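Engineer: What follows is the residue order along each chain.
There are 2 protein chains.
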Amino acid sequence: MIIISLFMLFPAGIAFFYHETTSGISFLKAAGGVICLSIFVIFLTAAGRKEQMGAREGFLIVTFGWIFSSLAGALPFVISKQIPRFTDAFFETMSGFTTTGASILTDIEGLSHGMLFWRSLTHWLGGMGIVVLTVALLPILGVGGLNLLRAEAPGPSVDKMTPKIKETAKILWSIYLLFTVVETGLLMFGGMNLFDASTHTFGTLATGGFSTRAQSVGAFHSPFIHIVITVFMVLAGMNFNLYYKLVSGKVKDFFKDTEMRVYLSIFGITTLLIAVNLINSYGTFGRSLQYAGFQTASILTTTGFATADFSLWPAFSRNILFFLMFVGGSAGSTGGGMKVIRLTALFKIGINEMKRMIHPKGIFLLRLNGEVVKKDIIYPIAGFILFYMALLLGITAVVSTGGYPILTSFTTALATLGNIGPGFGRVGPAENYSFFPDYIKWVLSAAMMLGRLELYTVLVILTPSFWKK
Amino acid sequence: MIIISLFMLFPAGIAFFYHETTSGISFLKAAGGVICLSIFVIFLTAAGRKEQMGAREGFLIVTFGWIFSSLAGALPFVISKQIPRFTDAFFETMSGFTTTGASILTDIEGLSHGMLFWRSLTHWLGGMGIVVLTVALLPILGVGGLNLLRAEAPGPSVDKMTPKIKETAKILWSIYLLFTVVETGLLMFGGMNLFDASTHTFGTLATGGFSTRAQSVGAFHSPFIHIVITVFMVLAGMNFNLYYKLVSGKVKDFFKDTEMRVYLSIFGITTLLIAVNLINSYGTFGRSLQYAGFQTASILTTTGFATADFSLWPAFSRNILFFLMFVGGSAGSTGGGMKVIRLTALFKIGINEMKRMIHPKGIFLLRLNGEVVKKDIIYPIAGFILFYMALLLGITAVVSTGGYPILTSFTTALATLGNIGPGFGRVGPAENYSFFPDYIKWVLSAAMMLGRLELYTVLVILTPSFWKK
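Sequences listed follow chains A and B, in order. Numbering-wise (my numbering), the first sequence opens with residue 16 and increments by one. Numbering-wise (my numbering), the second sequence opens with residue 16 and increments by one.
Hints in this document: simulated from the structure, not taken from any laboratory.
These stretches of chain B come out as covered by chain A in the derived footprint (C-beta under 8 Å, 3 or more residues):
| hint | stretch |
| --- | --- |
| 1 | 358-366 |
| 2 | 388-399 |
| 3 | 420-426 |
| 4 | 475-482 |
Predicted, not measured: the structure shown is a model, and the values here were computed from it. Note that the Cβ used here is the ideal one computed from N, Cα and C, for glycine as well.
Here chain A stands alone, though its shape is the one from the complex (with noise of 0.2 Å):
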């Protein structure tokens, strides 16, 4: 909480830079505050306890660490009125953190420009803390079956975890940094500004969404910056994993990645049927392939760009869109969705089976990345696409008590669920979610929270082991 608000300084300079004094000061009213509080609740609890940290601590942690960052980032937008409503500011700041990229928002360009940094400023921080969450992290407390590499990650004893989490997490950070640096610069090079290049890179590398633009990426007429955007935002979809691997020389382990191969030939294959079914709508091959490779990249990935309406595009590129975003990013990356690696697997696991029909006896063994893995892993995995589906569902049946047609309320479900941002019909990229009542923007907030941890890490609170001693 603390980190949070020392990160509000930063929107604040910008807002005083812009000579926005209210919002400047709403930012260190929020900052002062919540610093207050932590350090009171810190002295209240803490003092002269030490207890050890152990699985069930870190799943409280973290859940209650993205509620209580939300509600914090929500201050900020309440002091100032930019978003008067509280339940307003809990959805934007929780989309913000869940990189969703939703907004309640009606006039973007009407947000002070402190605002609007401190939005995607939210983007940028959840990426990162997502990234540090699943590669680093999820792993040793064994969420979610994405935990491949659990025999190189040390038990889930807090001592050992410690050195091992610091150190990936501190290389971790530099790539994403590094990545930061990088795609504003090409931004700055293709003819924005520092703070658009900046807050569009916070939305592309946290696959979020948000843009300082009602038109979004749009906005921007020039294709260099819509070929950077697509090109980082495929970048933020790939387990920051592999760049640690890159980095530490193993490049092998990089090109054999089973994950990345299938995300980079869903994303091809996906982009080329879309550029040619549109091919009559935008004149010539390569612009059609510049807008329907942007497209495919910000749902694929899901982070909520768009740079063409594309609930106006024939139905067939609207239904690989939808296609899209039931896959989502790669695990250990900022995007969100189902994941391919879950997918992947059980695809496998499916070609297993039916080679073990033909041959009732015959060994079928279980391939990632090159090597056999243990087939245990298909549990979590198949108990997270029954959760994922039927959390669809019931989101859905939820939003639809406000009266909306099927393909607004499952989409919406779909979109926050999967940390997407726009969906169809009524939450379609041109428009956004403020016409919904208070009651169904807080299951949606739940909802790209639930989807953002992996479901299990905020389903496992609610069982009755869990609090058993």
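With chain A held as given, fit chain B onto it using these hints.
Structural biologist: Chain B alone, transformed into the frame defined by chain A:
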């Protein structure tokens, strides 16, 4: 093929009874032609050859059995010109044999009695076929993770298999026949004539959904009829193995069946939710419950009968039905969809994984029907879910090439792959499938077959390993 041709004598008799000479003669022509061709092929191929039948031959026989049955079954429609186009006739027949109930007919009452009877009879035959297949045959071939009782069944050797299958099949057929007689009797008691009673019984027990009226069961206003059909739809969506157990005196096994409990709970809860939501539309809670129960049973069991146009219901009720379209009936029933047991098993493995997150060294067993089952059963189920979702989205993409909106394209895929019949949008309960271009009708015919044969049975034929020696 010969048996199916002989069954054509029933609608032929009905046609002559109603003085529909052209229809009657068409059945005789079709039956005669198919029988002659079949005998010719038998002499041509089987003469002097006696080969061992294994699992591969089983998959081929089952898949091509459904294809050839639909080819033969379409003949009377084409010969009599009651459905002049072959694509349409094939679609309608495949829809019949797969117990889907999706129709290309725009004027149902315009068909002759003989043709309407044949149409419903394909349901009844397909339903009977699928029960024997999933309860007696597929478990032995090891398909689709429904082989929970594999240990009870003999190994994949044909010599041992034959007597067991024959015995099981006989009992299943007797149960199916008993249900047919009882429901027909009850419907006649409720005021239907023999023709309407028997055709609607065929549609109910097969969870098919073809009616003799454009308004479906809604054309009959007796609440008694609605309730009888509701009850028998629910019965038809249950595992016929359970009735087999009841008959064999294993009453305890019946009541501790996990899938049945979950299935009935889903039916009860969703019916109540919809009934409460609809109370204003239908005046009294009793009437609301009657309409909610019918439509819930119809969609959950994937029958597709209608007493109300649910596409005009409030958003919440529509979304609950949309949710049910993903579930489907029980394994070993005539119902389609993903099947309750698969979702239940995945849910249980997910809960297991959560417990394991809290107690990483604990051992958590998977229990079904009060007994511990091997966790291996999750592998084929996990693969199934992935293939199901992938096919759903793939078929959606193909349908969308016709330019239909997402809701229509997606629920068309859902309604055919899940063997439901009606979807939403342009394939809603008051609509039909006639407007699709031919190539989409062929793809949807394939979808119905894939769904009906639990995906694996058909998909395995498409793998290269299937064709290797």
